[in-house]
Amino acid sequence: MVNTKVMLAGIEMDNPVIPASGTFGYGQEFAELYDINCLGTFSFKGTTSEPRFGNPTPRIAECSAGMINAVGLQNPGVDAVVSHELPEMKKFFHKPVMANVCGFSLEEYAHVCEVLDSEEQIGWFEINISCPNVHGGGMSFGTSPCAAADVVKAVKKVTTKPVIIKLSPNVTDIVSIAKACEAEGADGISMINTMLGMRIDLRTKKPIIANKMGGFSGPAIKPVALRMVYQVYEAVSVPIVGMGGLMNAEDVIEMMLAGATAVEVGTANLIDPFVCKKIVDELPAVMEKYGIKNLTDIIGGAH
Amino acid sequence: MQQQILQVKENVKLTDSIYRMVLVGDMSAIKNSGEFVNLEIPGYFLRRPISVCDFNANELTLIYKVVGKGTEVMSGAVAGDSYDVLLGLGNGYDTTVSGSHALLLGGGVGVPPLYNLCRRLISEGKKVTVVLGFNTANEIFYENEFNALGADVRVTTVDGSYGIKGFVTDAIADIDYTYFYTCGPEPMLKAVYRATKTSGQFSFESRMGCGFGACMGCSCKTNFGNKRICKDGPVFVKEEILW
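Residue numbers (the working numbering), protein chains in the order written: chain U, 1 to 303; chain C, 1 to 243.
One chain only, chain U, in its complex shape (with noise of 0.2 Å):
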C-alpha cells in the first residue's frame, strides 16, 4: 500500500491532485461526469467583485502541444459565488475547496477574499497575481516584487485561512517574486500560470485571437514550469503548488520531485475531462512503479 496524502499549508489532502482554475468551473461541469471527491481539492473559476463577462471571441486558439486562451476572468462575481456557486457546490463535493481570488486594485483583492473567509467550504485561497488576459490588472501584480508583497499585506490582512499566491512566468525573476510574497506571509506558491503567446492566421493575416495575445498552455510549457519549480523550491520554505502542462500520474511525480507539495492539472481537463479521475485512480501503480510509498518523501527529492 501506497500513501498519497500530502499536507497543503496546514490541510491534508488524499492526494495532490488539483484541477487548475479556469479549467474546472465552479466543479459542476465535472461533477456530472465522475465524483469530483476523489480529488485532492479543486481551483475554482478566478473570482472578482463584480461579475465579469471577460474577453472578446475567439479566446481559444490551438498550439503544437498545448492552446492560448484570453479567456479574460470571466466569473458571476464574488456575490454570486456566495449566493449560488458555494450552496450548489456543496451538494457534490465535500472537500475544502481552493478559493480562487483575483483583482484589478489592492482593494479588490482584499474585499473578495474578506466576503469568501467567512464560508466554510473554503480551505485555501489562491490569489491570482498572474492573469496575462486583463488589462490593468492580474499579472500587473506579479511581475514586480513589490506589487506583489503590496497584495500578499492586504490579503493576509483580512484572511483566517491559507493564502497561496500564484504567480506568473512572465517576469524576469521568479524567484525574487515568489520570495517577496513568502516575507510577507503567503503560506505557500502556486506556479506558474500561462505563459503570454500568439498564434496569426495565414488566410486573414491577424492573430487568431481577439485580444491578439493569450496564455499559452499545455504539455509545450511542462519544462519551464519544472525549471521554475525547482528554482523557487531552493528559495523558499512555504509549500509550492506545481503546474503546468501535467497530463498524467508520472508528470506529478515529476513536479513534486522538482520541489511541489501539491500539483494542479489545468489544460489536460479540456482535451479529457476524466484525466484528473484517471490521474488519481493510476497514481498509486506508478509510485509503485518508481518504488515510492509515501509521496510526501519526494517533494523536492530532484535536488
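Hint data in this document are derived by calculation from the structure and do not stem from the laboratory.
Being a predicted model, the structure only gives us computed values, none of them experimental.
Worth double-checking, as some hints may not be accurate.
Stated by the list, open to error - Here are the simulated lysine-lysine pairs, DSS-like style, with alpha carbons at most 25 Å apart:
| # | chain 1 | residue 1 | chain 2 | residue 2 |
| --- | --- | --- | --- | --- |
| 1 | U | 205 | C | 69 |
| 2 | C | 227 | U | 212 |
| 3 | C | 197 | U | 206 |
| 4 | U | 95 | U | 5 |
| 5 | C | 227 | U | 91 |
Mind docking chain C on chain U? Use the hints.
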C-alpha cells in the same frame, strides 16, 4: 457526455471539400438532433467539434468541411481507423414547439445538423420544408437525402447555377410555416433572423476549448445573460439572440 472509442465505417467525399464519416460504437450518449461531438485528432492538441448529422444506437454520421489541418487529417481516415470521441455535447433542437409545419434553413456546412432534425420532425407527423443554400452547383450535397425523408426540398445557389438563384432567405416568401430551425454561417443566420416571421431556433458554431462548458472559451452575450455556445447552446431560440 461520454468518452468513447469509435470505429470508422466509411469516410467518403461528397463535394470538393465536404466529407461524410460514419462511425460505429456505443452512441447511447447522443440524445438529440443538433448536438455535436468532439473528436481527438492524432497529432493535434484540441479536439474538433463536429455537429451530428444523423445517429442511431450504434452509428453516427458526421458531415464536415475540410477547413484546416485537423479536418484535413480526418479526411484521410479509412474504414477501421478509430477515434477518441466525446459524445452527447450541446443542447440540440427542441421539436416540441414547432407547430404543424417546420421550416428548415441550412447553409453550406450548416446543412448536416438539420438532417436528423428533419427525420425527427417528420416522424412526429409534421410537415417539413427544407431550404438548402450553397454558393454554386458543385457544392450541393444531401438534396436527395432530404427528399428521401419526405421533406419538401428547395435548393438555392448564390450564382444561380442550380435551383433558385440567391440566398435561402430568397426562397421562403410563399411558405406558410409555423416555426423554423436554422444552421449556417453567421451572416446567413442574421439574414434568417430578419427575414422570418415566426420564432425559431439557431445553431451557432464557435472556436471551442473544451466543448463541455468548463473553459468559457466560447461565451456569448444573450438577452438572458452570458451563455456558453458549447454547453448552453449550440442551439439558441430567436428571443435569446442579441441582434
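Original post:
Are residue 197 of chain C and residue 206 of chain U close enough, with their CA atoms no more than 25 Å apart?
Top reply: 38 Å, violated
Original post:
residue 205 of chain U and residue 69 of chain C: Cα distance at most 25 Å?
Top reply: 17 Å, holds
Original post:
Taking only the CA atoms, is the gap from residue 95 of chain U to residue 5 of chain U under or equal to 25 Å?
Top reply: The hint holds at about 14 Å.
Original post:
Given the hinted pair residue 227 of chain C and residue 91 of chain U, is their alpha-carbon gap at most 25 Å?
Top reply: 23 Å, holds
Original post:
Is residue 227 of chain C within 25 Å of residue 212 of chain U, Cα to Cα?
Top reply: Cα-Cα ~23 Å, so holds.
The structure fails to meet hint 3 from the earlier list, while all remaining hints are met.
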